[in-house]
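J.: Chain R is fixed; fit chain X onto it per the hints.
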Amino acid sequence: MTDPTRTRAAAAGDYRRPDARLHLNAFFPFGPIYVWDQAQRPEQYYEFEGFAQLARTAERGLFTAVFLGDSQRLREHLGRITDTAVTGRPDQLTLFAYLAAVTRRIGFVATLNTTYTDPVDLARRIATVETLSGGRTGWNVVTTDNAWTGENFRRGGYLSHADRYAHALEHLRTAQQLWDGKPVELHSRFYDLAAAPSLPPSPQGQPVVFQAGESDEGRDFAARHAEAIFSRYLGFDAALAFADDMADRLAAVGRPRDDIAIFPGARITLGDTAADAEEKARWFHTATWTDRRIRSVLEAVWSCDLSDHDVDGPLPAFDPVDTEQTKTHGVVNSRDQPLNTAAAWRALAAERGFTIRQLVMHLDSSISFVGTPASVADELAHYVRSGAIDGLNLTPNAVPTGFDEVVDLLVPALQERGIYPADYPGSTLRDNLGLRAPIAHRARPVVRPGRQH
Amino acid sequence: MTTTRLILGLRLAGDDLVDAGRLVRSARGAEQLGLGLLLFDDERGAPGAPAARWSPDPLEAAAHAAAVTDAVGLVVSAAATHAEPFHLSNRLSSLDWGSHGRAGWLVSIDTSSQRAAAYSAAVPDPRAARREAVGVVDAVARLWDSWEDGALIADSASGRFLDNSLLHYTDTGPGSGAGEFFRIRGPALMPRPVQGRPVIFAAADDAAGQALAGVDVTVVTVAPDADATSVAGQVATDPSARPTAARVTVSRQTTPGQLTALLRALAGRAAAVVLGGPEADVTLDLLTRVAPGLDDAGLLARPRAGQTLRHQLGLPRPASRYARSETPR
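Each protein sequence line maps, in turn, to chains R and X. The first sequence begins at 1282 in our numbering and counts up one residue at a time. The second sequence begins at 23 in our numbering and counts up one residue at a time.
Be a bit skeptical, because a hint or two may be false.
Facing chain X, from chain R, some residues (calculated, C-beta under 7 Å) [as the list claims (entries may be wrong)]:
| no. | residue |
| --- | --- |
| 1 | Asp1318 |
| 2 | Ile1362 |
| 3 | Asp1364 |
| 4 | Thr1375 |
| 5 | Ala1382 |
| 6 | Arg1405 |
| 7 | Phe1434 |
| 8 | Leu1474 |
| 9 | Arg1574 |
| 10 | Glu1605 |
If the Cβ cut is set under 7 Å, some of the chain X residues that face chain R in the computed set are [unchecked claim]:
| no. | residue |
| --- | --- |
| 11 | Ala42 |
| 12 | Asp79 |
| 13 | Ala85 |
| 14 | Gly120 |
| 15 | Ser135 |
| 16 | Ala139 |
| 17 | Ser142 |
| 18 | Ala176 |
| 19 | Arg182 |
| 20 | Tyr191 |
| 21 | Leu211 |
Since the hints were made in silico from the structure, they are not lab data. Virtual Cβ for every residue (Gly too), placed ideally from N, Cα, C.
If we strip away everything but chain R, and leave its shape as in the complex, we get:
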């Protein structure tokens, strides 16, 4: 799993950012993967105490934020609710309001959809957590034009793909104007609203804006409006290329090249020796890739039940029954063409002699850092000093003890290498991310807030 190209050493002094530091966020995806036998009761994955214990451990390890992923519809597999992962998750701002009472410094980043929320209502909810936490919130702004998600809402699927970022920008600016303590009146293609601020101006200027879109349009939106990014690029070369691309886009809109913090998602597995760590990672991988989950990867493409297929046998000999993916929802590749995917997988399996299991293991793109605390710390120092990443969105391997090893073993090793602080630099999320003032508050703002017509 560890990509050897990531570890190649750069000559000392070669680094673009020799003094850079690393941030760690506690990341909970929507539909996390755990070894269920490690929890006493499955309810622990939903109760707030488990999140609180992880947040407190993360805070002891000076993590920058708790970051939650989102979906506004339970994922489906073959027309039924997905049953192979922990499904569902507490409302993010409700959970964060609770966690704000049991932590003091760690930040809270919620992934909230502009398409299916009302900006005035959402601005108030975020501002409430912002106020109760003393300025520790961030908003990962995401969009969807997805009618499938829209079935959970009164308004239904109403927004076209082309309009999603224009709509998101009006939503975001409405919220930011309210956070600045200014009334909003907006009469546009999307809104016909008037509102007064509900809370005092934010203690950190404005909640921090994260963004997670990968498309060209998404990257441009981030370059103009975001202060941090949740990215998918963790392989060293891909991460560096992404960071360079974002720096160029920032420069093009008149922002400093380092004006955005980049956080890829990752797991970390530590051991006393490299072999020990690899054994632990292998165990987790085997325990979480059940036959049912392996089979579901193929079923999502073939659009039919493959329970009569041995996962240690060959791929189905027949073609996918649907030429468009209609029975599995909520996975990132839902726009894929099943016939093309199936053909490519069959060709790969034929060439390498893969069984279903071997193919799925080969395709598993979840990259993790596996090694001793010293080797992982060295690798992360290389990443951050090279300017490839600013931090990691780190997924725990278990609830509620999943960050214990990282905090007890890796954090000291990061501190020894000078890439991790000895204390929180400030009290707000913006302080602790080392960010500048909100874009709209700068002397010569790139993007002017206010009148929106």
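T.: Frame of chain R; chain X shown alone:
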């Protein structure tokens, strides 16, 4: 079971909820005093209406209080008008999970132009707003039922975390009126709430409140200077036999003696009394001088740690409407 013991409650709203330290002190203080309810009220009903005081979202404020209390019920005001049932249901369900079954919802119907303007919506006429509220409450409650109890199985051998035959789409299935107002697909984003359904409160003087199916507690407003005779008139026996919660707004002039007399008159008639005033701190001070005497007289119903709000109010935990068997799973 009739009891003469009263559950005492405190209303918190607006500036009471802005400062975390003050909110935590009020919530803990109320619980230590033996109060059974905190009502997190919406100062203006609309998130964007102008007002002299700040108006945080009551639900997030209640979740903050949940972290520092373990017995008191947490009732949240939220208007049904213009609200997305999917968000409301998940948020209230999350509060119920986070508080181990202490969540309640005071449903209101807000036809103000301020609320409409905050949601880019037209001002509804009262009858349309009532129909809308009925639809929102129905959709919210269906979503609470959409995961049957026992859906979490975490079976490593079969690789199934859920029994997805116990999860239900809420725009189809048993019960009349499915999708009459809104077609919300579901299921909810959380397993069934601890209480099955958080306790729903609705005002008796809100004509709409009475039209809502699934209301658990009727809320009546009682004047702070009411005597025993007028209390009897104001807290009429609800023919549906729902418990009644009386809302009383006290002032800085209300004396402990007056309040004690009122609470004694309400004991045996109302299940709960929620006291509001200009500031929660002032109201809590007044209660500090009244609650111990009521307790000594055997008239204070103190909540127990770990008890659900339903249990406190003597309400049964409802089965999911989607459960095939009548025996609880």
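J.: Tell me, in ascending order, the numbers of any earlier hints that this structure violates.
T.: Checked against the structure, the hints that fail are numbers 10, 15 and 20, while the rest are satisfied.
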